[in-house]
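The listed protein sequences derive, respectively, from chains A and V.
Counted from 1, the first sequence has number 1 at position 1 by the working numbering; the numbering is strictly sequential.
Counted from 1, the second sequence has number 580 at position 580 by the working numbering; the numbering is strictly sequential.
One or more hints might be untrue.
[Claimed, not checked] Here are the simulated lysine to any residue pairs, SDA-like style, with alpha carbons at most 20 Å apart:
(1) V:Lys220 - A:Gln96
(2) V:Lys220 - V:Lys593
(3) A:Lys92 - V:Arg579
(4) V:Lys220 - A:Pro278
(5) A:Lys92 - V:Val308
(6) V:Lys220 - A:Lys92
(7) V:Lys378 - V:Thr585
(8) V:Lys220 - V:Leu123
(9) V:Lys220 - A:Leu211
(10) A:Lys92 - V:Gly72
(11) A:Lys92 - V:Thr437
(12) V:Lys378 - V:Val336
(13) V:Lys593 - V:Arg579
(14) V:Lys338 - V:Gly552
(15) V:Lys220 - A:Leu91
(16) A:Lys92 - A:Arg237
[What the hints assert, rightly or not] Part of the chain A face toward chain V, derived, beta carbon under 8 Å:
(17) Leu104
(18) Gly152
(19) Ile189
(20) Ala229
(21) Ser263
[Claimed, not checked] Beyond 10 Å from chain A on every Cβ pair, some chain V residues (computed):
(22) Ala150
(23) Ala168
(24) Ala405
(25) Ala543
To be clear, the hints were calculated from the coordinates, so they are not data collected in a lab.
All C-beta atoms in this analysis are idealised placements derived from N, C-alpha and C, irrespective of residue type, glycine included.
What follows is the residue order along each chain.
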Amino acid sequence: MGHSTTLASILAAGFAMGAIYALIGITYNTMYVTSRVMSFTAGQLGMLGGVLGALFILRMGMPLVVGFVLTLLGCAVIGIITEIVAVRPVLKSLDQHLYVLSTLALALMIQQVTAIEWSTEPQAFPKLFGIGSGALDEKFWLPVLACAVAIGGLEWMQRSTLVGRAFLAVAEDNFAARALGLPERNLRIASYALAGVIGGLAGFAGGELMLAFFANGGFLSFYGFVPVALGGLGNNRGAIVGGFALGIFQQAANFLVGGIFASVAVFVVFIVVLLAAPQGLFGTSTARRV
Amino acid sequence: MTAMVGKSPATVAAAEAPKHSRAVAAAPFAVIAVVAAILPFVGNDYWAVIASRAAIYWVLVAGLNLIVGFAGQLAIGYVALLTVGAYVTSVLAAGNVLPAMPLPICFAAAAVTGAVFGVIVGLPALRLRTFYFAISTLGFATIVTQVALAWQSVTGGGIGLPGPEFPAPINTPWGFYAFCLVGAALATWTSANISHSRFGRSLVAVRDADVAAEANGISKTRLLLPIFLFGGAMAAIAGGLFATLQTYITPDAFTFDLSILFFIAILIGGRGSILGPLLGTALLTVLPEFAAPLASWSTFLYAVLLLVIVLAVPGGIAEVLDFRNRRPLVSGRAIVPKPALLSEVFVSRPAAESLTLNGIVLAFGGVRALDGLDLEIKPGEVQGLIGPNGSGKTTALNVISGYYAPQQGTGRIGNRTLPPERPELRAGLGIARTFQTPRLVGEETVLENVMIGGTIAGRASFLETMLALPRRWRDERELKSQAMRALETVGLDALADIRANRLQHSELRFIEIARALMLAPAVLLLDEPAAGLSPDEISRLGALIREISNHGTGVLLVEHHAELIFDICQHITVLNLGRVLAQGTPKEIRSHKEVVSVYLGG
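Please work from the sequences and hints to get the whole structure.
Written out as structure tokens, the structure is:
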């Protein structure tokens with residue numbers, strides 16, 4: 001393999017994984033801005049995007065478009081369930097961080113049901129279009145495309161729709177938004193459904209790369225949170241930059257020092273950046289305590 | 001017993017209560033020890049394996065309990081440290097990298113490795129929000145498994161390697177059980193020693209009242225470091241024992257389910273308890289043996305259990321079993337301080353040092369909350385700090401206490417400067433304070449809350465405390481009697497054994513004062529101490545504050561109660577818009593034209 005092909009494959013895989021991490025990061029952020037909760041279910045939504053896609057299209061033989069829409073719908077429902085079961089009951093006592101445990105419990109339940117009812121082995125994901133080969137294979141560019149679509153969609157929503165502006169208002173100042181009469185609870189539910197769609201999209205677009213595998217949930221929960229931590233909570237631009245940086249760093253480290261030390265390197269960078277810049281590289285400082 | 005205010009002399013109740021409660025607290029542990037000792041005579045070898053497993057899990061959970069249950073840090077990936085310990089002991093004992101080592105060295109190496117990784121994984125907890133720590137432990141768990149799988153030359157990859165083998169008589173099932181039992185007993189003893197000390201109380205304070213913890217000189221970093229070392233070492237030792245029990249280890253043996261089991265054992269048991277998590281661990285280890293048909297659903301059921309506990313019984317078994325705190329308290333209690341006892345609380349005379357602020361400027365965005373503030377608090381003086389809402393009174397307190405860093409200006413006490421944004425150093429400089437909203441540990445007793453105030457006076461190191469060496473006992477004895485005297489001084493000694501969250505608001509204010517007195521502070525900052533008090537209580541509070549200043553403490557009193565201010569202050573500073581509007585004696589202030597128009601009205 002020549003140098004240029006190696007570089008091309010590192011970049012292709014790096015951008016593809018980076019796009020998936022970025023989308024999971026946006027999933028975290030979307031849930032966070034309306035509830036101030038970071039939910040462990042973010043990675044499970046990504047996992048479900050792959051598993052549901054494979055279930056609907058390969059196992060049940062549905063047409064691509066139908067399978068795609070149903071996958072996103074399914075993930076949106078899981079997002080809403082997250083809000084009702086694991087988030088709303090603990091919102092009153094955010095300072096006790098019970099949400100860490102309640103969303104972890106729900107994430108584990110989702111993962112275990114998938115393991116038992118689907119499979120504990122990675123299963124094939126359908127080839128969606130069969131376009132491109134090598135570094136330009138669709139499994140590499142589909143996640144990047146999905147990421148671009150999601151960013152564009154969110155941008156459009158925030159600029160041109162009332163719901164999008166309401167999200168921004170709630171994200172900026174929860175109390176003020178409520179005082180203005182914004183339906184805070186409905187907006188929160190909507191944001192969890194939206195988060196489900198984004199997470200599902202990440203898993204569906206990354207299905208050919210990561211396969212339909214129950215253990216992707218925990219994996220994505222961690223690697224998808226890294227860009228959020230790097231970019232600052234609630235900061236989507238930071239998550240995108242952080243996601244792509246992580247993807248390329250990981251693939252390069254994979255190639256240069258091997259798989260074991262690549263994951264160790266990611267972990268070390270994660271800890272070091274967190275300690276050096278606790279608010280993330282693009283974040284703002286936290287609220288006052290006294 | 002202690003609820004019967006006024007019937008029995010309070011001092012007698014206080015002296016007897018701890019001895020009595022210590023015996024009661026030890027009884028369940030004795031019962032567990034007896035059951036564990038009988039087990040080999042009634043059970044078969046299979047029981048030995050299950051019981052050994054429970055004991056091994058407890059070695060890990062005992063350490064993790066201090067992190068999760070006491071300090072409230074959500075370490076969800078602790079199975080990773082079990083894995084590290086198991087592989088370090090197995091690899092060293094098998095000699096497939098270095099020459100084969102004797103078992104004590106293998107276990108010591110595992111403990112050291114576990115302690116180091118315990119701290120590395122814990123680093124985010126020292127500075128960041130809870131979720132970051134949770135996710136970093138999760139990430140560590142993911143990575144350890146990946147490394148164990150991929151590093152075939154050392155770990156044997158997916159094929160695995162044999163666990164360490166013990167010599168006779170520990171190589172039989174019951175022999176190994178006895179060995180693990182000794183380990184579990186040691187784990188219980190050391191973690192109990194830590195929990196019943198200034199370290200244990202500080203952990204809970206960091207969990208439930210972190211701002212107050214800092215004001216009392218507790219540095220989260222310095223406190224959590226030894227705890228992470230301890231927890232990591234215990235987890236790794238448990239890992240070595242686990243590898244022996246399994247006889248052969250592969251990465252598959254260390255599923256994330258185990259982490260959840262450890263975690264739930266602590267939550268079921270209840271935060272801040274040792275007995276509860278011990279029972280929880282035993283229960284969760286044994287339970288799956290009776291529910292074999294459900295084995296594949298066990299993780300799912302654990303997850304459901306976790307959700308149910310979090311949503312329905314956040315207090316766990318310990319709260320359900322806490323009968324003592326369900327007895328009704330006497331209603332209509334009066335707080336009658338005994339200021340005369342103050343000389344017994346102040347173990348040394350407060351340092352005669354003035355606190356001065358010079359030209360403090362602090363702006364939040366465009367708002368100048370403090371705009372060139374000068375202030376001096378002299379020893380033995382009660383100074384009132386008054387002004388309309390938003391004039392900067394509480395901000396001034398927060399600058400003195402180190403929660404805010406001023407953009408300009410300096411603060412000094414005596415000839416030492418006040419380091420900005422280092423609230424945990426204030427107690428050491430002789431500065432104590434109370435808060436506008438009392439910040440106490442609701443789940444601890446009144447006495448324990450007051451003892452927090454004397455944390456920096458403790459002399460026993462972490463190691464001495466863990467091993468219950470003489471200095472730990474002396475620390476505890478002295479702190480306890482000093483705290484008791486502080487409670488008598490503020491008039492709350494009869495409530496010493498009651499959980500703080502059962503008391504009335506006015507009582508909480510006096511507990512905070514008692515806690516602050518433990519320092520024999522050179523400067524005492526009181527943030528609206530009279531808010532919510534009855535007129536009688538306010539006049540008693542006034543007498544108490546005056547007596548505190550008579551002992552040489554300089555008092556800064558932020559208050560809206562004009563009567564109290566004019567009654568007890570020798571000097572009054574009036575703030576408006578972040579600047580000093582007027583300074584002088586109560587008489588001068590009362591007749592100051594601008595003060596009257598801006599603040600006093602009339």
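Which hint numbers does the structure go against, in order from smallest to largest? 2, 3, 6, 9, 12, 15, 16, 18, 19, 22
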